[in-house]
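Protein chains: 2
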Amino acid sequence: MRELLRVPVGETVDLSAYDTAATPAGPRDKAAGRAETARMARPLAALQERLWAASTAGDRRRVLLVLQGMDTSGKGGTVKQVTGLFNPSGCRIQAFKAPTPQELAHSFLWRIRKALPRPGEIGVFDRSHYEDVLIARVRGLAPRAEIEDRYARINDFERSLAEDGVTVIKCFLHISYDTQRRRLLKRLDNPDKRWKFDPSDIDERARWPAYQEAYEIALRRCAAPYAPWYLIPADHKWYRDWAVSRLLLEHLRELDPRYPAADFDVEECRARLLKQGDP
Amino acid sequence: MRELLRVPVGETVDLSAYDTAATPAGPRDKAAGRAETARMARPLAALQERLWAASTAGDRRRVLLVLQGMDTSGKGGTVKQVTGLFNPSGCRIQAFKAPTPQELAHSFLWRIRKALPRPGEIGVFDRSHYEDVLIARVRGLAPRAEIEDRYARINDFERSLAEDGVTVIKCFLHISYDTQRRRLLKRLDNPDKRWKFDPSDIDERARWPAYQEAYEIALRRCAAPYAPWYLIPADHKWYRDWAVSRLLLEHLRELDPRYPAADFDVEECRARLLKQGDP
Chain A
1253 MRELLRVPVG ETVDLSAYDT AATPAGPRDK AAGRAETARM ARPLAALQER LWAASTAGDR
1313 RRVLLVLQGM DTSGKGGTVK QVTGLFNPSG CRIQAFKAPT PQELAHSFLW RIRKALPRPG
1373 EIGVFDRSHY EDVLIARVRG LAPRAEIEDR YARINDFERS LAEDGVTVIK CFLHISYDTQ
1433 RRRLLKRLDN PDKRWKFDPS DIDERARWPA YQEAYEIALR RCAAPYAPWY LIPADHKWYR
1493 DWAVSRLLLE HLRELDPRYP AADFDVEECR ARLLKQGDP
Chain B
1253 MRELLRVPVG ETVDLSAYDT AATPAGPRDK AAGRAETARM ARPLAALQER LWAASTAGDR
1313 RRVLLVLQGM DTSGKGGTVK QVTGLFNPSG CRIQAFKAPT PQELAHSFLW RIRKALPRPG
1373 EIGVFDRSHY EDVLIARVRG LAPRAEIEDR YARINDFERS LAEDGVTVIK CFLHISYDTQ
1433 RRRLLKRLDN PDKRWKFDPS DIDERARWPA YQEAYEIALR RCAAPYAPWY LIPADHKWYR
1493 DWAVSRLLLE HLRELDPRYP AADFDVEECR ARLLKQGDP
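Chains A and B supply the protein sequences, listed in that same order.
Quick note on numbering: our numbering labels position 68 of the first sequence as 1320, and the sequence is numbered without any gaps.
Quick note on numbering: our numbering labels position 100 of the second sequence as 1352, and the sequence is numbered without any gaps.
No lab work stands behind these hints: they were computed from the structure.
Please note that a few of the clues may not be correct.
Which copy is meant is left open, because identical chains are indistinguishable; a pair holds if it fits in one copy or across any two.
Claimed, not checked - Lysine-lysine pairs mimicking BS3-like chemistry, simulated, CA-CA at most 30 Å apart:
id, residue 1, residue 2
1, Lys1527, Lys1489
2, Lys1527, Lys1445
3, Lys1366, Lys1438
4, Lys1332, Lys1438
5, Lys1366, Lys1527
For reference, chain A alone in the conformation it holds in the complex:
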C-alpha cells in the first residue's frame, strides 16, 4: 500500500492532480474502514511493545510520524484516532504552534530536536519543521535565501535521523478547498467547536494557492528514500485514519523489532522466588 501513496523522489508534484476524496487501496466504505482500522489496534500495540522491549536491550530504533496539512485537514484528529491505537506511555506527541521568542532565538530545528522520540518510542509531530518552509515561505517570515537554504538542512537533518535509527514517516493530509470551507463552517456553527476557530484562519485560507505551491515545493525537495513523504487523500476521515494506521503497520512490520533474550539465569531466579517464604 505504501508505494501507492508515496511521493516519487525527485519528481515535480502537482497537488491539483490528486483527488482529495480518493480511497486508494482502501476499504470500500466508512463502516469497513473504521472496522479495519480498529482491527489494526492489536498488531500495532504488539509491535510497539516489541519496539519498546528491544530498546531496553539497547536497540535505538524508533518511529517518527510527521503530520502536515492545511487547517482542518485532520492532523489533530489523526493523532487522536491513530495514536489512540497505541499504548500512550510509549508515545511522544508534540504539537508545534507559532514559535516562541525563545524558539526564534535558536535555529528552526532546535525545538524539533528537543521533541524527538527516544529509542523504542513512537513520536508524533502535529506540524513540524516543515512549517519553516510553508507558512514561513507564504508569509515571508524569513529572508528568501534562508528559506531556500532550509530544504537542504531539513534533508541533512532527516538523513541523520534515519542513520540514528529513526523511521521517519511524513504524511501530507490533502483536503480540497471546499472541504476546508465545510469544516470551518462546522466549527462556527457548533458552539462547542468555536474554540478551535480563529478568524485569522480565513486570511490564511485566502492564500490557498500559495500554500499549495509551498507544499508542492517541500514535497518535491524533501521526498527522500530515507524519509518518504506520503500523500494522503484526507477528505474522508475514515480513509485518512485507515491509511495512516496502515502506513505505521507496514513500517513497523518491516522493522520487525524483537523481544530481547533474558540476560540472567531464568531457572535460578525462579528457584529463588519460590524459596522466598512469608514476608
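Position chain B against the provided structure of chain A, taking the given hints into account.
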C-alpha cells in the same frame, strides 16, 4: 465512590487491614468491570476536551494522576488501560526511573517539576517524588534526617500545585505478597515478558515489610485534603482500572470545565467565509 477509597487525613494506616482483592463499590465481576470501564471512555474524553478547550481561554486547571505501588502492582498497565481512554495529545505521561547523576545533583523535586502537566492537560506519573521517601527510606539512599524532611517538602509542593489549579489524585495500587509472586513468575515463564523482569526485583521483594511500612508512613503523612491518597485494591486488574477511571471521572466532573465562548464575531466570520470565491 471516592470517599470509600480515600485514605483518611491524619490517621494511622495499617495496610494489612485492607483486602487487596476487595472490589468496593465496583461492578460484580470482570466482564461487568471491563464493560463499565469502556463506557467511561466517552465521558472522560469529552471532559478532557472541555478541560483543554478551557485552557485555550486562560483556564489554568489540569489533573495529575500519581501512580505508586510495589513492583507488578500494575502502574504500567493502568497507564495503558486508563490513559488509553483519553485523547493522547492532551496527556503528559512520565515514568520515573532511578534518578540520573544530573537529577541527583538537584533537589528531588527538580525532575518532578519539569514533568508536570500544563494547563488543560491530564498528567500521569508512573512512580513519582514518593520514591524519595519509599525506596530512599528502605534502602537508606539519603540521610534519615533528610528523608524525614521530605514529607513536609512534599506537602508544601503539593499544596502549591493545588493552589496553581492542579487536581492531584494519588493512587496506591495495593497488591498482596502472593499476587506479586504470581506476577513475577509469569514474567519469568513467558519469554515475551522476561524483558520486564530484573533479578534485583527478588531482592526488593525480600524487603516487603519495610516497603509496606514506608508506604504506611507516606500515606499517613502526605494524605491531605488538597492532594488525597486513594488506596486501590489491585489484585484484580479489572477492578484497579475501573476504580482509577472512576476516580478520574468523579474529579473531572467536579471540575466541570466549560467550552469558552467565542471572542470574535461569529456571524461576520461566517459571512466572510461564504463570500470567499474560488482559490
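(request) Have a look at Lys1366 and Lys1438 and pick one of within, between, both or neither, based on CA distance no larger than 30 Å. (result) Neither, since 35 Å and 37 Å both go past 30 Å.
(request) Please work out whether the CA atoms of Lys1527 and Lys1445 approach to 30 Å or closer within one copy, between two copies, in both situations, or in neither? (result) For Lys1527 and Lys1445, only the inter-copy Cα distance (21 Å) is at most 30 Å; the intra-copy one is 60 Å.
(request) Pop the pair Lys1527 and Lys1489 into one bin, within, between, both or neither, using alpha-carbon distances up to 30 Å. (result) between (56 Å within a copy, 26 Å between copies)
(message) Reference check for the pair Lys1366 and Lys1527, CA-CA at most 30 Å: within, between, both, or neither?
(response) Classified as neither; 47 Å inside a copy, 42 Å across copies.
(request) Can you give me the call for Lys1332 and Lys1438, within, between, both or neither, at a CA distance of at most 30 Å? (result) within (19 Å within a copy, 33 Å between copies)
Checked against the numbered hints listed earlier, the structure breaks hints 3, 5; every other hint is satisfied.
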